[in-house]
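Novice: Spelled out from the first residue to the last, the chains are:
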Amino acid sequence: MTAATDAQQRAYIAGQAADARVNVELETEGMTLNIGPQHPATHGTLRIIVRLDGERVVAAEPVMGYMHRGYEKLAEVRTYPQVTTLINRIDWLGSFANEVPFILAAERLMEVEAPPRAKWIRTALFELSRIANVVLFLGDMGVQLGAVTPVFFAFRDREFVLNQIEAVTGGRFHPNFDRIGGLKDDLPKGWIEETKGVLDRIRTFCDEMEVLVAGNEIFEARTRNIGVIPADVGLAYGMSGANIRASGVDWDLRRDSDMGLAHGDLDWKVWTHPDGDSFARYWVRLQEVRESCTMVEQCLDGIPSGPVMAKVPRIIKVPAGEAYVETENPLGIMGYYIVSKGELVPYRVKIRSASFNNVSITPWLLEGVYVPDVISILASLYFILGDIDR
Amino acid sequence: MAALQGFDSLTSGDTVVAQNIAFGILAVVMIVAALRMVTTLNVVHAALYLVIVLAGAAGIFILLGAEFVGVTQVLVYIGAIVVLFLFGIMLTRGALGEDEEANIEKRRMAVLVGVLVLVVTGGAVLDSFGDAAVNRAAPSLTAEIGDSIFSQYIVPFEAVSVLLLAALIGAIVIARKD
Amino acid sequence: MLLNQFLLLAAALFAIGVYGVLARRNGVLVLMSIELILNAVNINLVAFSAVRATVGGEVFALFIIAVAAAEVGVGLAMVLLLYRNRRSIDLTEIDQLRG
Amino acid sequence: MPTPKIPGLIKGLGVTMRTMVRTLTKGSHTVQYPKVKETPTPRARGVIALHEENCTSCMLCVRECPDWCIYIEGHKYLAPPRRAGGKPRQKNALDRFDIDYALCMYCGICVEVCPFEALFWTPEFEYSEPKIADLLHDKSLLGKWMETVPDFTDYEAGSEAKKAQVPR
Amino acid sequence: MNTLTLAVELAYWQQTTLRAVIGLVAVLLPAGTLVYLFLFKMMSFMQSRLGPMEAGPYGSLQLLAEVGKFLQKEDIVPAKADRVVFKAAPFVVLVSTFLLVLVIPGGPDLVFIDVDTGIFLALAVSSISVIGILMAGWASASKYSLLGALRATGQLIAYELPLVLAVMGVVIQAGTLNMQGIVMAQAQGEIFGFGGIGSPFILTQFLGFAIFLIAVQAELTQPPFDMPVAESELVTGYLTEYSGMRFLMFFIGEFATAGIFAALASTLFLGGWYIPGLDPTDNLFNVIGPMVLMGKIILVSFLIFWFRFTYPRFREDQLQTLAWKVLIPLSLINIVVTGVLKVVF
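Residue numbers (this note's numbering), protein chains in the order written: chain A, 3 to 392; chain B, 392 to 569; chain C, 710 to 808; chain D, -14 to 153; chain E, 23 to 367.
Calculated directly from the structure, the hints in this document are not laboratory data. Here a beta-carbon is modelled for each residue, glycine too, at the ideal position from N, C-alpha and C. There's no promise every hint is true.
What follows is a list of derived Cβ distance ranges for each label pair [stated by the list, open to error]:
1. B:Leu556 - D:Leu9: 18 to 28 Å
2. A:Glu115 - E:Tyr80: 36 to 46 Å
3. B:Leu555 - E:Asp301: 24 to 34 Å
4. B:Ser542 - E:Asn305: 54 to 64 Å
5. A:Asn36 - D:Asn77: 26 to 36 Å
6. B:Asn433 - E:Gly361: 24 to 34 Å
For lysine-lysine, the following BS3-like pairs were computed, each having C-alpha atoms within a straight-line distance of at most 25 Å [said to hold, decoys possible]:
7. D:Lys61 - D:Lys124
8. D:Lys148 - A:Lys313
9. E:Lys165 - E:Lys102
10. D:Lys148 - D:Lys129
11. A:Lys191 - D:Lys147
12. A:Lys75 - A:Lys313
13. A:Lys343 - A:Lys319
14. D:Lys11 - A:Lys198
15. D:Lys61 - D:Lys72
16. A:Lys319 - A:Lys352
17. A:Lys191 - D:Lys22
18. D:Lys20 - E:Lys91
19. A:Lys186 - D:Lys20
20. A:Lys191 - D:Lys72
21. A:Lys313 - A:Lys343
22. D:Lys147 - A:Lys186
23. A:Lys313 - D:Lys22
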């Protein structure tokens, strides 16, 4: 049986199952509802076809690719510095973190290593972009569940983080700051002091969210025991990041593998939660933002002096070979597989982005939940459309 | 409501005219809506025509000085029964589409029966209550209705409550599928 | 206002309701027609009550409203059951007691 | 549903109330843009300024631009010799230097690759136009932006980077 | 019964016109005030922003600008929609709103109609809006709209009960359904012999007040009970297909109803137009009564909107559970206790 007919077969069986399944209370007619591609809850163009029985989901199928921009192909005709500006736009909320694994992979191919100062600044910016990214999730989860205020708090406080990123890199959303062999520039004077103030704000924000969202009984009622992902299922679907840590899997590449950043020199903790439900995912991310704050703080205190750029040729030609580097990005594991033939441009770039795998679990996860829970589960999985479609 | 307010401000002669005009409007609207209700092919439209008829009936009750009944009519009929109808129609989406009209013969018989009923009851009514007039000075008091329900009509009241309970349970038992 | 005008209005509504019950095949519409008939009765009761200046008729109208609510509840439940079993709410189709 | 515990709900109300009081007493975090303007950081990538004297029309920026939004035309001419009796020097004259901001994605590669320090970022951002064609900035307009280029900031302690100078 | 105490004797039609105009004002003025004060300003402040600032001083004319904007918009009817029903639906909702305002007294003589059934009438006409919502949802020919309308119906019917039952305590205590009578009972009543502040029923009927507010929140489909119009789930539910003037009518209906329910709550529980310490039959109240009532409306709707801007929303089944398993039993207990105390004292 070919794959196409296999998929058709499964769709047919799902349809039959949907027809056969009835609500025991009051039989109502099945109905197919398109959530997306234009829907407020998918913040982008994800389409999820759900078959409903009343308000209960019988089958769900995510349809991706409405925003496919062909980055892997585009990267084949871009020089390495140009690719960096391109991949900023994959996960547009934590854009600096996108650059890091690519640059690390290219560095591995070129066999150069960034000087320690560059590594520490990279780590600080990496964690700052994680804060900028996940802070928005913390507020957005509220708005998906109907509370309008948290998301404004999130945008307000994310702005301070973005300002700090802008002060170093010049770009709020698309820093394009990482270079093979180091960083484009050094930190401006006074930045460390300001950033510490911003971190205090973020901590206050986390406290506010803990009260306003996580501590709210309605929020708990909406998220506890909703969308439970057992650890083995999550791993089987290739989930990563906070989504899998919320299922109790103690797995964080920042600690478990040498990513080439300064995380090993910092004192921090990997948060996990045993429940695996929507609430756990929210809670783990909340703790991770706090943890990132302490990490950035330690980075700021411990930045070694020295250059920020290693010796690299002005025109970058990466030697032939292949390398795969993955890092623990805000949304989960992001990896770049670069094949080089020794030219100005990479021969092939494969991007492993976290959201694609995280969303793949939806057909399994959404079966049998109510429509409102579809929204809360999708929100708690936290995907960025650019990270899914690339 | 307008007719009610008129009680004090209008002279009695004017009141009667105003009441008759109000009645005329209500009656025409009700009958037209009722006719459309039984003839329309769209079930949802039929339910909405029913709303008009019921609202008109509430108006008639108020015209007759039976405020409490009028308000109850709005609360129970429009607020609950019609909503129940609409809800039922929308839940069974098979009933949403166009309803097919009954065959000609059946319709003809129904018209015949309807006209017969109208002629017989109308004739009887005209014959018996030739010139009896409705002349209630003021709307009936709600307190009075309450008193009589809980004294004189306490047994039927209790019976109705039991009936409601039985209907509630019955509806659940019928509609539930185990 | 004459008593007759109310009674005639009620008679007209009653006749229309009777037509609806007889002519329509849709279960929901039949139920609605029955509501029409009950309303005609209510108008009569209240009108008589107004003529005699007592509240007895009004109290009965209230009872009828309550009974109508019960009737619609059970009736709609039956229509739903019918729909579930037959995928249709055409009353002419239930001419046999077999489910 | 678990029985509602009062504290979480009440504390949530407290957060919004505190924010309201803070906004009323200390002002909001937003500004009324056209009336109040925030100053971007000196490094902000707002618009690119051209220091024409430094440009040799070497076309490096044009080639490196991922969007191909820079247009340069130039011609060679023979400049009089620097010393009397010498050979006339061949020089590049810049006829056209346009940046189409409708295409630009503000990556900054052009500024970075320029070997003669002819291009600079300035944090200026108010140059939107009703017509998209007007976003094509020519050499005189790009030159005018030079006035708004801020001095390079000092570096944080421990840095070994050298602070560059903005040609004035 | 009800004659406006004016210097000149007015003809019937003049009085009727006057009533209609005052009715319009009584619906639109609180609605506009609430939208500006709470939706524009308080919500912004709670989110550390300023809200509209451009139209008029501190954006006070923003509402007019918004109305102008909506009026300019094209009145779009979806191709498959049932045109007549689709267009009529917002009017049905508005009718419910305008009928609601009729029973609220603004002073000893300031009443639209002084009917015996008072609060009962208000609760009855408030249920008309369900029909409008069902019409809107069905006629839009959109799945989201239909789902929203069905949710709205389930919710409004479920919360009609606690709403009515919460009022029952007040009715028992006041001994009348008449709104004016309820105000008078609070103005002239006394709590265990202490009559200094009258007897605002919020003191004796606090449970009823709380249940009433929760039920009102649900009737208004506001967070935490806004599933019918949940934007992130149903793309604003039954409002999805509406635009321009008809959307505006739903919008006015929503906020006017919020104002009127706040007025109902203040009349039932806070003493309506009365402020303690004065003689309730004083002619003065015909002048300051509406203002006192407006103040209380703003107070109560502050609570309503505060909840709205703070809480996330429930799920359908949780909402029904709350209504049937918590609110209705509590209000029944409230009625029993009130009845027993009424008989004992």
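Novice: All hints are to be evaluated individually against the structure, with a verdict given for each.
Specialist: Now the hints, each set against the structure:
1. Distance hint check: the CB atoms of Leu556 (chain B) and Leu9 (chain D) are about 54 Å apart, inconsistent with the given range 18 to 28 Å.
2. One distance hint, 36 to 46 Å for the beta-carbon pair Glu115 (chain A) and Tyr80 (chain E), is violated here, with the actual separation near 58 Å.
3. Checked against the hint of 24 to 34 Å, the C-beta distance between Leu555 (chain B) and Asp301 (chain E) comes to roughly 46 Å, which is inconsistent with it.
4. The given range of 54 to 64 Å is broken by Ser542 (chain B) and Asn305 (chain E), whose C-beta atoms sit roughly 40 Å from each other.
5. Against the hinted window of 26 to 36 Å, the Cβ-Cβ separation of Asn36 (chain A) and Asn77 (chain D) comes to about 59 Å, which falls outside the hint.
6. Judged by the Cβ atoms, the range 24 to 34 Å given for Asn433 (chain B) and Gly361 (chain E) is violated: they are separated by roughly 47 Å.
7. A hinted pair counts as satisfied when its Cα atoms are at most 25 Å apart, and Lys61 (chain D) with Lys124 (chain D) qualifies at roughly 18 Å.
8. Straight-line distance between C-alpha atoms of Lys148 (chain D) and Lys313 (chain A) comes to about 19 Å, which keeps the hinted pair within the 25 Å bound.
9. At most 25 Å may separate the alpha-carbon atoms for a hinted pair to count; Lys165 (chain E) and Lys102 (chain E) meet this at roughly 12 Å.
10. For the proposed pair Lys148 (chain D) and Lys129 (chain D), the alpha carbon gap of about 24 Å is at most 25 Å, so the pair holds.
11. This hinted pair checks out: Lys191 (chain A) and Lys147 (chain D) have alpha carbons roughly 13 Å apart, not beyond 25 Å.
12. The hinted pair formed by Lys75 (chain A) and Lys313 (chain A) fails the criterion: a straight-line CA distance of about 29 Å is larger than 25 Å.
13. Only pairs whose Cα atoms come within 25 Å are accepted, and Lys343 (chain A) paired with Lys319 (chain A) is accepted, the gap being roughly 9 Å.
14. Under the criterion of a C-alpha separation no larger than 25 Å, the hint pairing Lys11 (chain D) with Lys198 (chain A) is consistent with the structure, at around 22 Å.
15. At roughly 15 Å between alpha-carbon atoms, Lys61 (chain D) and Lys72 (chain D) fall within 25 Å of each other, so this suggested pair holds.
16. Pair hint Lys319 (chain A) plus Lys352 (chain A) holds up; C-alpha atoms about 19 Å apart against a cutoff of 25 Å.
17. Of the pairs offered as hints, the one joining Lys191 (chain A) and Lys22 (chain D) holds, with about 23 Å between alpha carbons and a cut-off of 25 Å not exceeded.
18. The straight-line distance between the Cα atoms of Lys20 (chain D) and Lys91 (chain E) is roughly 24 Å, inside the 25 Å bound, and the hint therefore holds.
19. Between Lys186 (chain A) and Lys20 (chain D) the CA atoms are separated by roughly 35 Å; this puts the pair beyond 25 Å, and the hint is violated.
20. Between the alpha carbons of Lys191 (chain A) and Lys72 (chain D) the distance comes to roughly 48 Å, so the proposed pair goes past 25 Å and is violated.
21. At roughly 22 Å between alpha-carbon atoms, Lys313 (chain A) and Lys343 (chain A) fall within 25 Å of each other, so this suggested pair holds.
22. A distance of roughly 13 Å separates the Cα atoms of Lys147 (chain D) and Lys186 (chain A); the hinted pair therefore holds under the 25 Å criterion.
23. Note on Lys313 (chain A) and Lys22 (chain D): the hinted pairing is violated, with a Cα-Cα distance of about 41 Å set against a maximum of 25 Å.
Checked against the numbered hints listed earlier, the structure breaks hints 1, 2, 3, 4, 5, 6, 12, 19, 20 and 23; every other hint is satisfied.
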